[in-house]
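> Please put together the full structure from these sequences, using the hints given.
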Amino acid sequence: MTTSLQSDYLQYLLSSWDIKPTESLSWLDRLRAEAIDQAGTQQLPTKKDEEWRFTDISPLARLPFQAATPKFDLQAKDIEHLKLKEADNRLVFVDGHFAPHLSIISGSLSHIVGNLPALTSRDTLLQSHLGKHVSIDHNVFAALNTAFLRDAAVIVFPKEFVLEQPVHLLFIATQSEVTSYPRSLIIGEPGSQATVIEDYVSLQPSAAYITNSVTEISLAEHARIQHVRVQRESNQAFHLANCAASLGHASHFQSTTVTLGAQISRYNMHIHIANEAAECDISGLSMISGRQLADTHTCIDHAKPHGISQQQHKCIVDDAAHAVFNGKIIVRPHAQRTNSSQSSRNLLLSKSAQVDTKPQLEIFADDVKCAHGATVGQLDAEEIFYLQSRGLSETEARNLLTFAFGAEIINRIPVPSLKQQLEQAVLKQTQSH
Amino acid sequence: MSAVLQSLVNQPYKHGFVTEIESDIAPKGLNEDIIRLISAKKNEPEWLLAFRLKAYQKWLTMTAPKWQNVHFPQIDFQDISYYSAPKPKTKLASMDEVDPELLRTFEKLGVPMHERAALAGVAVDVIFDSVSVATTYKQKLAEVGIIFCSISEAVHNHPELVQQYLGTVVPVGDNYFAALNSAVFTDGSFCFIPKGVKCPMDLSTYFRINTEGSGQFERTLIIAEEGASVSYLEGCTAPRFDTNQLHAAVVELVALDNADIKYSTVQNWYAGDEKGVGGIFNFVTKRGLAKGVNSRISWTQVETGSAITWKYPSCILRGDNSVGEFYSVAVTNNYQQADTGTKMIHLGKNTRSTIVSKGISAGHSNSSYRGLVRVAPTAENARNYSQCDSMLIGDQCGAHTFPYIQVQNSSATVEHEASTSKIGEDQLFYFSQRGIDAEEAVSMIINGFCKDVFQQLPMEFAVEATKLLSFKLEGSVG
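Chains A and B, in that order, give the protein sequences.
Quick note on numbering: the first sequence equals residues -14 to 418 in the numbering used here.
Quick note on numbering: the second sequence equals residues 21 to 498 in the numbering used here.
Do not take every clue at face value.
Calculated lysine to any residue pairs in the SDA-like style (CA-CA distance at most 20 angstroms, straight line) [to be verified]: (1) Lys354(A) to Ser326(A); (2) Lys363(B) to Tyr196(B); (3) Lys336(A) to Leu386(A); (4) Lys218(B) to Met479(B); (5) Lys413(A) to Asn396(A); (6) Lys369(B) to Asp34(A); (7) Lys336(A) to Leu367(B); (8) Lys78(B) to Ile45(B); (9) Lys369(B) to Gly362(A); (10) Lys336(A) to Tyr196(B); (11) Lys33(A) to Gln426(B); (12) Lys86(B) to His123(A); (13) Lys32(A) to Met82(B); (14) Lys86(B) to Asp34(A).
Bear in mind the hints are in silico, worked out from the structure with no lab data behind them.
Since the structure is predicted, the reported quantities are computational estimates derived from the model, not experimental observations.
So this is what it looks like as structure tokens:
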């Protein structure tokens, strides 16, 4: 593919841009205009870009899907099976557009849950966070998302506020051959505690569409946020996502990502340890089969001392699927006493399955403890033998071990009903043999 | 204590001097005529000139790579003289005929050839700048059928072997610097171990860069036939200059069925001064092809010198049951930069590889481990174990790890571990409590850290490496 073709592709995508959101905020227009300028100067990444060398997204350029227009045919009963009983706040976005009739907002005055254009009263706060955590240079997809920013899930947890029940952000794809641009902003003010679930689903199992999402998360001092991200898009979809989190002093960020869907998916997570003694605990599971490609790139940037980061990423790869993991840990000069560990474990279930993993350390401070490990392998023959000696068939033994491998990540999800849904999904996939 | 150690670390480079011997230098610049000149000067056959020209044409179409984690000013390839040789002389039969000035140089370097040859039983093929001056023990090796000579001699005396293997492991267009080397290489070593022969001694070459402004483009080719085995040592040292010197060597190893090649390097070239001025650019392509079944290729390297070290001694494990090993210690101090590691390409069944890499950074230096473990779909039951540890001394330096793991066969088992640590105050305290001063304690800790690699070195190299490391890092802690 030639460069000019790519630019044409971007030009085509951008051509629909001038439609303004109905309730326009001037600073938001500025943000969008800057993003469109940025997007215009960039190219679609190719395999020649180091960050994309294992993920070929050239098929994308053949699918110039325009931004989805709002279409709200969905009724509450259509999404019944997607609801989480624990969540009393649910924001539903259909093809990236806010669907108030499907959402429940029980937010009192104390905390804010809602759609961006409706939150004009908190303008200053939103202005200081939206687009400030995610970087749009050298990131054409984040730039495009910002350029097409209209609706956005916004959650603000005020100072010392503790929300027991999780907030459910449900992004539903209903149309084919469109691009949706979901956007989320989560702000934890000092001492607040909450759980947020980002859930990407499709109601048509084989619709082809593109999801380009951006999530920004900000934790002020002593805030604790548990973040769960589930990607179960259609098996023909493209899912391109960026998540950026900034961690304040002594804040605690826990994130669990489960990737099951999409033909090609790419998830970039950037965690900025922006202040001292912040802690993050990141885990991820990609379970893919068929000809799926799931690419996870994470970067944990220790910019300040005394930070702690733990990361565990697992891939279960079946058939001719291809999993990619790139986990970068940066320890900046003077970020002394950083303690960081990372593990990448990969299970190959079939002969043609493929894994590319790169746990990467970049360390510029001497008084640090950093370790990473990576393994690629198949199920242990002795473990299978042990279970067979206990009366399980070989298939049962394999399924059980595969399930257990994935369950270690799923068990970290703090929402029982979601955990159960995902356990079922993993079980179903392991038993498909 | 830090003041004492500070003075130790700032010891000037011991091997910094220039030997004044009349050199035969080609004009600066690179074009087809220069390549023809090199070829003509060396009286080369037509096929080798064709090989060089093909590489040059390839090089012209390539651009310098940008992915590396080392930074240097753009190299002006037209400002380098591509050929320099000591005045041509008739070949010498004994050491007595060697230019006394040259002998004194070796003496200063601590390579007393008679002694070394006699005591250690090492054959030293001495490369002075780009032309082989003297080769010892050739006779003894010839008795068992081993050919050990400079590559230019090999081109004349054994053209069929050189032609058969040259460029088969590192093709002319493999990478930017390999293409450059293929076009302009002047000399290097050639080693051929015939079927079933175990080389009776360690083979050794001392490289030395002389003549300010002349880049050095060495070419080494080692072939071990069926069942043969050889241990090859490469040691390096260069005099100090303030202009950076480019060194772009290519080393190719070929191991046939059941053959075993062990290649050890101690590299201590001039690293630039404490402000990062000067020093050698060491951009080397080293690759071994484990072509036959049960073959084994083992790389051991101790990298302490050069302003920039940028190399990945690699193994292509093509034969079934073949084994690849890589043991490395890379030490950087002051403003040195190192981006080094290995590539293990598993192609054959039951292939195994081991990677042990130790990086030590001090001062303002940066050291990176970059490794690739690739298991191709054909490599049933491939096995890899990688370990890369970094140690940081001081808070101005950096240590980086870029391990690429690519697995396309589900029967493979690949493990990678990495850690980063420092010399702790607790450790130093423990030593001082036992009456061991900080300087010695650091040396002991470092040597313990690097033990796994030093164990792989031949005896005399291990001693040299241990001393070298202590010397390099003295005073960095305190």
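> Any hints this thing doesn't respect? Which numbers, in order?
6, 8, 10
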